[in-house]
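*Asks:* Residue-level listing of the chains:
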Amino acid sequence: MTLSTLIKSFERAKEDNRAALLTYTVGGDPDKKTSLNIFKSIAESGADIIECGLGHGANIGDGGAIQDSTYRALSGGIKTDDIFEIIEDFKKDYKTDVIIMTYQNKIMAYGEEDFLEKCVSSKVSGIICVDWPWPLNLDFAKKCKENSIVFIQLLCPTTNEDRLKSILNDAHEVVYYISMLSTTGQKLKVSSDEIKKRFNLIKKISPDKKCIIGFGITADTINDFKDTDACVVGSALCREITRSIDEKLNPATNVGNMVGDLKQKLSS
Amino acid sequence: MKLEKGTPLIDQHDENGYWGGKFGGNQIAESLNYPIEELTREFEKLRNDKTFIAERDYYFKNFVGAPTPFIKLENLTKHLGGAQIYCKLVSKATGGAHKAYNAVVHSLICKRLGKTYIGGDTGAGYAGKMLSMAAAKFNLKCKIFMGAKDLERQSINVFSMRSYGAEVVPVNSGSQTLVDAVSECMRWWTSENEEAHMCVGSTVGPTIFVKICAWSTAQISREMKKQVIDEFGEVPKDMKLINCVGGGSSAAGFWNEWIDYDNVELIGVEAGGPEKSSKHAAPLTNDSPIGVLHGATQYVIQDDQGEIEETESISAGLDYPGVSPLHCFLKETGRARYTSASDEEAIEAFQLVSKNEGFVSPSLEPSHAFAEAIKIAPKLSKDTIIVVDSCGDSAKDSKIIAERLGYKI
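Line by line, the protein sequences are chains A and B. Per my numbering, the first sequence runs over residues 5 to 272. Per my numbering, the second sequence runs over residues 23 to 431.
Calculated from the structure, these hints are not laboratory results. All the given hints hold, so there is nothing to weed out.
In silico SDA-like cross-links for lysine to any residue, where the CA-CA straight-line distance does not exceed 20 angstroms:
{"hint": "1", "chain 1": "A", "residue 1": "Lys83", "chain 2": "B", "residue 2": "Gln327"}
{"hint": "2", "chain 1": "A", "residue 1": "Lys191", "chain 2": "B", "residue 2": "Ser213"}
{"hint": "3", "chain 1": "A", "residue 1": "Lys191", "chain 2": "B", "residue 2": "Glu217"}
{"hint": "4", "chain 1": "A", "residue 1": "Lys83", "chain 2": "B", "residue 2": "Glu331"}
{"hint": "5", "chain 1": "B", "residue 1": "Lys44", "chain 2": "A", "residue 2": "Asp143"}
{"hint": "6", "chain 1": "B", "residue 1": "Lys44", "chain 2": "A", "residue 2": "Leu142"}
{"hint": "7", "chain 1": "A", "residue 1": "Lys191", "chain 2": "B", "residue 2": "Glu214"}
{"hint": "8", "chain 1": "B", "residue 1": "Lys44", "chain 2": "A", "residue 2": "Ala113"}
{"hint": "9", "chain 1": "A", "residue 1": "Lys213", "chain 2": "A", "residue 2": "Asp231"}
{"hint": "10", "chain 1": "A", "residue 1": "Lys36", "chain 2": "B", "residue 2": "Gln327"}
{"hint": "11", "chain 1": "A", "residue 1": "Lys269", "chain 2": "A", "residue 2": "Glu15"}
{"hint": "12", "chain 1": "B", "residue 1": "Lys44", "chain 2": "A", "residue 2": "Gly115"}
{"hint": "13", "chain 1": "B", "residue 1": "Lys301", "chain 2": "A", "residue 2": "Ser79"}
{"hint": "14", "chain 1": "A", "residue 1": "Lys95", "chain 2": "A", "residue 2": "Ser8"}
{"hint": "15", "chain 1": "A", "residue 1": "Lys191", "chain 2": "B", "residue 2": "Trp210"}
{"hint": "16", "chain 1": "B", "residue 1": "Lys44", "chain 2": "A", "residue 2": "Glu116"}
{"hint": "17", "chain 1": "A", "residue 1": "Lys169", "chain 2": "B", "residue 2": "Asn55"}
{"hint": "18", "chain 1": "A", "residue 1": "Lys146", "chain 2": "B", "residue 2": "Asn38"}
{"hint": "19", "chain 1": "A", "residue 1": "Lys169", "chain 2": "B", "residue 2": "Glu59"}
{"hint": "20", "chain 1": "A", "residue 1": "Lys122", "chain 2": "B", "residue 2": "Asp326"}
{"hint": "21", "chain 1": "B", "residue 1": "Lys44", "chain 2": "A", "residue 2": "Leu140"}
{"hint": "22", "chain 1": "A", "residue 1": "Lys83", "chain 2": "B", "residue 2": "Asp325"}
{"hint": "23", "chain 1": "A", "residue 1": "Lys83", "chain 2": "B", "residue 2": "Glu329"}
{"hint": "24", "chain 1": "A", "residue 1": "Lys83", "chain 2": "B", "residue 2": "Asp326"}
{"hint": "25", "chain 1": "B", "residue 1": "Lys137", "chain 2": "A", "residue 2": "Thr162"}
{"hint": "26", "chain 1": "A", "residue 1": "Lys193", "chain 2": "B", "residue 2": "Glu217"}
{"hint": "27", "chain 1": "B", "residue 1": "Lys44", "chain 2": "A", "residue 2": "Phe144"}
{"hint": "28", "chain 1": "B", "residue 1": "Lys44", "chain 2": "A", "residue 2": "Met112"}
{"hint": "29", "chain 1": "A", "residue 1": "Lys193", "chain 2": "B", "residue 2": "Trp210"}
{"hint": "30", "chain 1": "A", "residue 1": "Lys193", "chain 2": "B", "residue 2": "Glu214"}
Based on the provided sequences and hints, a complete structural model is requested.
*Replies:* Right, here's the structure in full:
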């Protein structure tokens, strides 16, 4: 493989003069079939990259909304193989890139090699592992690279400049900037300008790397990030799934509508 | 995997924080990297700072009440026949358990870091109670995370925490026990680490928390070593130190000074759960697979999907699916032996010890350790010295034990 398809997704968005839109939902929430429909609906509503959560019950990074989604998926009996099947089915009909976001114990329990093999066969483009920080992740990142999968390193506001440079030096084509110190889904507690300042610093050090901005971004603030590379909305979508289930509505339709709205706000 | 003689156990990890190159580490979100580095730097400085040590010792002596008694359980020894049974009565520490040591040290560190807010997790409620107590003394705002199920079964300790002014946050996710409380506490710290300090209540979590906790509870064996020599004139030729192991903080402290003594056997007793249940909280005894939990690699009770499985134990303090990397290391090197006792054996041990000794009334956690002592003592000679760490007092378990034995209180 030459240029990863993931990079092309970023570049297509850039041609549209906007940041790429990434969505996060938990794979298998609320069940396998609905989850696949949610992915399809998200793709049809214009998301550029789909982040699929491979949830872990004892996670240490998820806020309430994503915990609820994870709980629904896991208590419904969703297994790691189900997530790969959802992605594989999705990729049969859609070109939208899929990234898996997970925790280290899920990969360890599956076995690193087997996990990567499955990522390849189900056409996963990238992996984010919340609790596998640099430099401990370097061996696994290397294995990802050998399988043409982008291992996405995480950065945050308190990553000091030396560490930032070292991580960027080892990073693959894409990195993820956690915009604030919090779990997912909390209110944005730093200004969009401050986030962009850090984003620009990352781009100054590594102009060639694509940087995803995540945490705390909602419909109200998404347009502020139009000029960046990419931003993620997750908890709002998970909450929408919860609301749809509670009100006996179709989660796929509602999440799709929400993504359409986000895309429009990002494009305007 | 090998132990190094002459090097403190807490320092036998590699540059990435792994004991034996395998257990522990800092498998954390990037957002926690900075506060963990900051805490690591501060702790390494403080542990060599004479003023800090003097301050620690002052509070240990005058507030926690060090040294706690080292006594011979003559009636129990006579009743069982065989080995001589001694007890390190750590439950006499202020608050009724060993958790006071870690709480005091973390509160002092919190102040040195210039922070005024501290948060912690708790299972049996002792860690939370002691942290609340220390926080009140040191004028720190305090938040305690506790599983909703534990909140219910350890209501006496919850009452104490609230009396000391702490905010007790019930955790309703997952099994609603210690494992969920630790996860929630780490999530809280991820958001609040610029302002607040986190105290992990046992020798679990990222490496620095394992180290601080074991360094604090090491007080137990430091003072006991003197007491043993006062009693026997030398270190006995055949001595066995029995301690319960949940997260492993009291065992780590009880054993710390004895690691290099080959004639001292270290026996850890995990929670075997109810006799008729397949559930337990004994990952070392039952060879659970290695996994990552709360930022560290360890033996952990989990399914083939890497999901943490529900544990079950009558003792809230031992009801944890993982175990300290220190104990994984001690197991793998063969230095310590691990076994388990069932709920029923623990209750029987509680009854036997309380009835024979009066002054010693172990909580359900050390009752597991006593159960092992009761099992092995009759088979051993009187030249063998068994010391059990009675690390908690039964007062907090009155309701559970009474119900189990059919009393109404």
